[in-house]
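Novice: Read off the chains here:
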Amino acid sequence: GAGVSQSPRYKVAKRGQDVALRCDPISGHVSLFWYQQALGQGPEFLTYFQNEAQLDKSGLPSDRFFAERPEGSVSTLKIQRTQQEDSAVYLCASSSLQGPANEAFFGQGTRLTVV
Amino acid sequence: AQSVAQPEDQVNVAEGNPLTVKCTYSVSGNPYLFWYVQYPNRGLQFLLKYITGDNLVKGSYGFEAEFNKSQTSFHLKKPSALVSDSALYFCAVRGDSNYQLIWGAGTKLIIKP
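Protein chains in written order, with the numbering used here: chain A, 5 to 119; chain B, -18 to 94.
Check the hints yourself; a few may be wrong.
[What the hints assert, rightly or not] Incomplete in silico selection of chain B near chain A, CB under 8 Å: (1) A(-18); (2) P(-1); (3) Y20; (4) P21; (5) R23; (6) L25; (7) K30; (8) G34; (9) Y42; (10) F44; (11) F48; (12) R75; (13) G76; (14) D77; (15) Q81; (16) L82.
Keep in mind that the hints were calculated from the coordinates and are not lab data.
Positions of the beta carbon are idealized from the N, C-alpha and C atoms, including for glycine.
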């Protein structure tokens, strides 16, 4: 597709359940980012991949959060034993080049609600 | 520490009037500044960016932004607002030694006919 695609668009999980969120970046984009956006706030950085290498995972809030991009394209964000505070919109973005000057293109996000 | 401030939660403008959405930042080194727009049930869309060079940058949909180094500001502007400009606007910054975008809390722009 032409843009970043995320699935599912909406996910309701019972507390304690594991979830997996998928991101299909724009084809050929080297850089891939995950952000978390709470209601009424700006996005917050979670993790960054350059191809298949996870170069920065400093924003992951706990060891229940895990991200991978094994072949340098599709990425999955996994949350184990979900908690209510995990409820947020999870945004994936990709960028064609490395470096701070390049804008990222965002998917529509996955809205996770933990009940 | 890097930070972005958008001091206005909401900005109301009459259609046809000029609009300004304010953003100030704090970053180590050279700033790379971005504006994004978010419409309901849609993803964040890139509007424009400042990397270097001219302080006035032009972007999509007739928007422009003015970089002011001394005031550490990057205000978004448009000469004549449209009702369709109503949306949530985010300012973001990166330093030249990293790739994390640091975001403001967003400003809701309401354009009234």
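Novice: Of the numbered hints stated previously, which ones are contradicted by the structure, given in increasing order?
Specialist: 1, 2, 3, 4, 8, 9, 10 and 11
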